[in-house]
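Each chain is listed here by its residues.
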Amino acid sequence: MSLFDLSPAPKLPPHPRAASPAVISVQRLEKSFARREVLRGLDWTVPAGRVIGLLGRNGAGKTTLLRCLLGLSPIDGGEISLFGEPMTEPGGERMHRIGFVPQTFDLFPWMKVRAYLDFTAAFYSRWNKPLADRLIGDWQLDPKQKIGQLSQGQRQKLAIVRAIAPEPDLLVLDEPVASLDPQARRAFMAELLELMRGPDKTVIFSTHITADLERAEADIALLRDGQIQFTRPLAELRARLRRVVLTREGGWPHAPVVAGLLKTSVKGARAELLVEDPVPDSLQALATRESATVQIETPTLEDLFVELA
Amino acid sequence: MRAVWQLSLLLWRQMAVLVVLTGGLWLCGMGLLAWSVRGDTGLAGIGINVIVFGGWFWHVGQGQVLRGLCRPESFLLPGFRNRLAGAGALDLLLWAGLPAALAALCGVHYATLTAAGLLLVMAVGLASGTGKPVGLLIWAGFIAVIWKPQLAERVVDIALRSPWTPALLALAAMLALRLVFRPLLRIEDIEPDTSPLESTGLGRMRSRATEGRPARGAIAKRIQGWFDGTAQRAMERAMAAYRRHPGARQRMALIRSLLLPHDNPEAIALRMVLVAAIVAAYFFAILHRPHYNAAVIGAYAVLLSLSRFPQLGRGMLRMRPNLADLYLTLAPASRSEYQKTLVHALLLLVPVTVLSALAYTALGIVLVHATEPGRMLLTAAIVGAAASLVALAVHLIGPEGSFGRGVVNLVVVLGAMGSYWGGYVLLGLLGMELGGALLALVAISFGLGVWFAAQREYQRRTPCFDPPPA
Numbered sequence: 001m002s003l004f005d006l007s008p009a010p011k012l013p014p015h016p017r018a019a020s021p022a023v024i025s026v027q028r029l030e031k032s033f034a035r036r037e038v039l040r041g042l043d044w045t046v047p048a049g050r051v052i053g054l055l056g057r058n059g060a061g062k063t064t065l066l067r068c069l070l071g072l073s074p075i076d077g078g079e080i081s082l083f084g085e086p087m088t089e090p091g092g093e094r095m096h097r098i099g100f101v102p103q104t105f106d107l108f109p110w111m112k113v114r115a116y117l118d119f120t121a122a123f124y125s126r127w128n129k130p131l132a133d134r135l136i137g138d139w140q141l142d143p144k145q146k147i148g149q150l151s152q153g154q155r156q157k158l159a160i161v162r163a164i165a166p167e168p169d170l171l172v173l174d175e176p177v178a179s180l181d182p183q184a185r186r187a188f189m190a191e192l193l194e195l196m197r198g199p200d201k202t203v204i205f206s207t208h209i210t211a212d213l214e215r216a217e218a219d220i221a222l223l224r225d226g227q228i229q230f231t232r233p234l235a236e237l238r239a240r241l242r243r244v245v246l247t248r249e250g251g252w253p254h255a256p257v258v259a260g261l262l263k264t265s266v267k268g269a270r271a272e273l274l275v276e277d278p279v280p281d282s283l284q285a286l287a288t289r290e291s292a293t294v295q296i297e298t299p300t301l302e303d304l305f306v307e308l309a
Numbered sequence: 001m002r003a004v005w006q007l008s009l010l011l012w013r014q015m016a017v018l019v020v021l022t023g024g025l026w027l028c029g030m031g032l033l034a035w036s037v038r039g040d041t042g043l044a045g046i047g048i049n050v051i052v053f054g055g056w057f058w059h060v061g062q063g064q065v066l067r068g069l070c071r072p073e074s075f076l077l078p079g080f081r082n083r084l085a086g087a088g089a090l091d092l093l094l095w096a097g098l099p100a101a102l103a104a105l106c107g108v109h110y111a112t113l114t115a116a117g118l119l120l121v122m123a124v125g126l127a128s129g130t131g132k133p134v135g136l137l138i139w140a141g142f143i144a145v146i147w148k149p150q151l152a153e154r155v156v157d158i159a160l161r162s163p164w165t166p167a168l169l170a171l172a173a174m175l176a177l178r179l180v181f182r183p184l185l186r187i188e189d190i191e192p193d194t195s196p197l198e199s200t201g202l203g204r205m206r207s208r209a210t211e212g213r214p215a216r217g218a219i220a221k222r223i224q225g226w227f228d229g230t231a232q233r234a235m236e237r238a239m240a241a242y243r244r245h246p247g248a249r250q251r252m253a254l255i256r257s258l259l260l261p262h263d264n265p266e267a268i269a270l271r272m273v274l275v276a277a278i279v280a281a282y283f284f285a286i287l288h289r290p291h292y293n294a295a296v297i298g299a300y301a302v303l304l305s306l307s308r309f310p311q312l313g314r315g316m317l318r319m320r321p322n323l324a325d326l327y328l329t330l331a332p333a334s335r336s337e338y339q340k341t342l343v344h345a346l347l348l349l350v351p352v353t354v355l356s357a358l359a360y361t362a363l364g365i366v367l368v369h370a371t372e373p374g375r376m377l378l379t380a381a382i383v384g385a386a387a388s389l390v391a392l393a394v395h396l397i398g399p400e401g402s403f404g405r406g407v408v409n410l411v412v413v414l415g416a417m418g419s420y421w422g423g424y425v426l427l428g429l430l431g432m433e434l435g436g437a438l439l440a441l442v443a444i445s446f447g448l449g450v451w452f453a454a455q456r457e458y459q460r461r462t463p464c465f466d467p468p469p470a
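Quick note, the sequences are listed as chains A and B, same order.
So the first sequence is residues 1 to 309, counted in my numbering.
So the second sequence is residues 1 to 470, counted in my numbering.
Just so you know, not all the hints are guaranteed correct.
Claimed, not checked - Here are the computed distance ranges between Cβ atoms for each label pair:
no.	chain 1	residue 1	chain 2	residue 2	range
1	A	Lys-129	B	Ala-324	38 to 44 angstroms
2	A	Leu-193	B	Pro-133	48 to 54 angstroms
3	B	Asp-193	A	Arg-114	26 to 32 angstroms
Said to hold, decoys possible - Examples of chain A residues toward chain B, derived with CB under 8 angstroms:
no.	residue
4	Ser-73
5	Pro-90
6	His-96
7	Tyr-124
Read the hints as simulated data drawn from the structure, not as lab findings.
Remember, predicted model here, so these are calculated numbers, not experimental data.
Just so you know, even glycine gets a beta-carbon here, dropped at the ideal spot from N, CA and C.
Chain B extracted, bound-state conformation (with noise of 0.2 angstroms):
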């Protein structure tokens, strides 16, 4: 029972925030259901709604801590398993026992269907925090009630009606929980970690445990692949270019695959392909949700190709102690010099971050045919190019801790989404040739202001080849 006991505590060890706000909303949610005795029905729906909620979010951590616990030295713990699936059941009772037990007692009618419920939510969290794809079955769900929300409340309706819905929600449960921890409890060789830089778009909600480490799914690993081909193709490129012609130009495209793998022309044209793929489910829903603006689409565009930061912002953190090694190869006449150099080579993600904003907005203009394409471009560009700059620049002096980090990133792209409305409404107003020109003065003027003042800032920094603190 100890080892249970340790297995629950990890999360805590490792969250605690994450557990006292979701622990919170435990006991609001079963607060609720206890009040809802009195015959209020309505509470009873809040306080299980509170316990989804914060079911959800408790169960994406635990997944992070599985994939951080589920290494083939953990499995020589004398009984791990037995004990894991122990802990499992202790969260189960927590999670989805208790509440409908509570729901049963207080007289909710759908008390099966609350803990088949819980437990299909527990299901899709466990697998969101592993990163297993089938998280995104949740955003499926919500697409499809934006897309046809008339059919999805009389599926709704007539599932609640269904004695089969428990069981179906349930062997869904099932399913999903079988995905998460079938690759999670098979013993593989370890494969080595990947560039702390790299960027497949698809790792960019990962925790900090497992950030580096390779993927392990049997399509995620075709893809590291195909960015990793692309990566070594394009260093082959950069190298021979050297030889031909050693110059500076030669110098930092070589700096530049060496730091940015993923920042290539191939790679760049992979990763919008697979996240134009993603996002192109949501934008053709929002055209068939009865009231939508199409502009929307822009800032969207915009958040995700600012989502690239925050994952620079750590890997440039763990790369630390492999910079030394770049440090001694450049050999630069001065600390600053070398500053420099790096600024330089990660100025490249200015250009990408638009390319990419750019490419997002224009495929969500074709498929929601949106009616001011221009406009909603050249916001797009400008928002993009200033925002790129302010991200770039926090995250290079920005704090190092991941709440200081959090915090900044999230005025960041606030800043950069209320920015795109506030442009697309100016250009409305003004038109698009004055309105954007005075976009393009406000925004670029502010975001090459930050940029210099933290590249000067940077550069006056002495370098630091320690490892990140855990």
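Chain A with its partners taken away, still in its complex shape (with noise of 0.2 angstroms):
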């Protein structure tokens, strides 16, 4: 059975790991905006305690996805259960346990960043003081300046500092490093990281920016066509994967076909393969009797995030 399936139909069984209680259960979400399908029967099961990249390209539903996950957009149909129970809108104990970053920080222009971390304190039980203030301090955002004074980037740090503060189980964050500059990224996947240490911790964030999905070692979910295509730990796809470069002088009047063989794009000389599980000795006979020559190389995350999405 190959790990990928990439056409809609027919969908991929369950993740293996799964089996350990999940956070986040989906079935056959459905999502639509004036008529236009954005999420189509999207099965997805999310197990506790991983850090889970999302991707996709632009307008594939990321955001609508995280979203409609924590009852911020009303669904069409389908099922979402979060921490096992239906997420029909957000209430209940559990939102102490939730923390969001959205794509847009636009809440309460007109109030201080200290009085809008006091006001959101407030409502939670637990709420990590001296960590907020460590990070108010280290990403140097004045306490007294307006939400509205502050720049996007700043708008974006302070979202985070919002919803890592109250040390949630369940951390979404909907591309929350796109405003950042690299220092702030780079401190931003630390504190993700350290916060990722205490048990059953789960982050899923979707993004543009495959290092950080690389330095947190995620696993990878790949939306497309308004389904998950697949979730897969980062290090699973690298030992699977393998990008297989034929040459040959006289170019490629049809793509070779290998076994494992996900897409293939031909130019010139070079047909470039993803194969999953490549076998060397098929793949030099395969050259052999094309005349050509082999080279297996492994891909990088963005190598694949553009091969697939």
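Join the two chains into one complex using the hints; note that each chain is given alone, in its own frame.
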């Protein structure tokens, strides 16, 4: 059975790790905007204690999926369960266990940073004030400045502080580092990894910066065509996927076919194949048969994203 | 409890001046109520009315805060709804419970009625603050009192004696609160913001916190959709005309359709119909007052037409970051040329305002059967033209702060209304021709003077593309 099934149907079987208690369970989730289908019968299970990097092209529905998971966007069909309870609307004790960083932070522009954090802290049973104060200091946020006067990056930092301070069991981040400078991005990733040291802490974040996912050793979930195409640990992807480059001077009238082939692109003399569990001997035999040279490379996560998304 | 306290602090944090003023009214009202324990029932009545007055404005502010607060992300705060209910209970205690209890202690006869009435005032104030049309009920009440004062007096007299009145008022308050909170507590998808310079005529009293946010009610959404349709068609027409003949006039039409999406003929007509439907009831009521002066309608019409400009001032501030794109697209030879282009585009608002003032005046004239329609129309046209030139000028170069803008706007509106009355009297004294000529000479000269000075100053200034301060 292939790790990847890039056709819209049939669906992949559940992730093997899903046997551990699921933080999020989604079944047949459907969501449309003005008759444009964004999520099409999406099934997904997120086990506890993992960092999940949600990848997908622009407009794939990552933000919509994350908002639906938290009950921030009404769904058209299907079921979502969060911490074992149906997520019909945000509410209940489980909200103490959830942190969220939205893609754009535009709440309370008239409020000062300190007042906003005091306001938010008052709602949570657990609030790590020393952590919040340290991050405010480290990230050079002026507690007396109004939120509306902060830059987009500073607002993003504030949203991250606000989401991390309650020490949530589930942290959902929608492109959290898009507006951050490299220093802040690294600092954020360090905090994230520190947070993940706790037992059963789960993080889901959508991003286009694949280096961050590699740093966090995240599980990769790919959203395409309104469905989660796969969720796999990065190490497993690295171990099983290879880029095979076949070069032949006369070019390739037909794309070469090998076992475990996921994607092919032919450019002049070069045929680039993304192959799952390639067998070197079989590839060598193909190259000899076609009078070509063969080169087997380990693709980066960004290469994989470009090929698969 | 900390969260309830934090929620209660939001009004103070956003509108400190309002809290100070209405808090002062509350203290004053409570003091008067306490003083009335000596047996002065008149003092108790004044005290209750002062609290009603303060409570109304306090809850309009609370409504505006709620509209900004009740966004999907806020519902992720643990126990948000319960804590909001707690803050509501505290508010209820402050503005209805305590005054009613004090009134009962002081021996006021209608303590239950007072509590129910205060509850209704709170609910309708909240509705107004959140932009619900239920807030118009208060105006319907005023209109009814103006229209049939004797009948209103009898109704009040009967209501004061009926044991059902407190229950009915409380029921009405509950209904209003349900209308307020149901859409606010419903989680919906975020819709794209409207243009900062939109002008549907329905949202001019919105708070700055909610300006630019799309309408949430079904009727308001439908109306917004109509206006957006007209804007889209106007833009398509302007683009087609520019493609056919890429001249300066067509280019200006294109810029105007971008900057002022709801100031095309279709949208102007739609706005007039909507505003006319609302003000017609008021004009009709004026007609039935025992003593009324039909000429007042012209002053109101000018006032109504000028309400576009404060929103324009705020909209231009919010529009600034987007204008950078326009600047690059226009690629002007100099900064002042760009400023000049903007000024010329916005000048369209002067004829639109005059036309609106004339249309509303004409509507009033028809409804109240005014005896001197020509005099009213001529005065409204001249004063409307001068006042709109001044209003456009001061909102282009005036202060950026909301307080400064508010003061400037008040001066312009009061000046315009005073000018209308002065002009109307002048036309009565000197006749239509001579009076009209003199009024036009004075008012239009003043308007043009202010306008040219402001235009020069605006062109002299460097274009600013920074987002407005929070």
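Against the structure, the hints come out as follows:
1. Here the CB-CB span from A:Lys-129 to B:Ala-324 is close to 40 angstroms, well matched to the stated 38 to 44 angstroms.
2. Taking the beta carbon of each, A:Leu-193 and B:Pro-133 are about 52 angstroms apart, inside 48 to 54 angstroms as hinted.
3. Taking the beta carbon of each, B:Asp-193 and A:Arg-114 are about 28 angstroms apart, inside 26 to 32 angstroms as hinted.
4. The beta carbon of A:Ser-73 is positioned within 8 angstroms of a beta carbon in chain B (closest approach about 5 angstroms), and the interface hint is therefore held.
5. Contact between A:Pro-90 and chain B, as hinted, is supported at the beta carbon level, the nearest pair being about 5 angstroms apart and thus within 8 angstroms.
6. Annotation: interface hint on A:His-96 holds; nearest CB of chain B at approximately 5 angstroms, less than 8 angstroms.
7. For A:Tyr-124, the interface hint holds, the least distance from its beta-carbon to any beta-carbon of chain B being 6 angstroms, beneath 8 angstroms.
Figure legend: structure checked against the earlier numbered hints; every hint is met.
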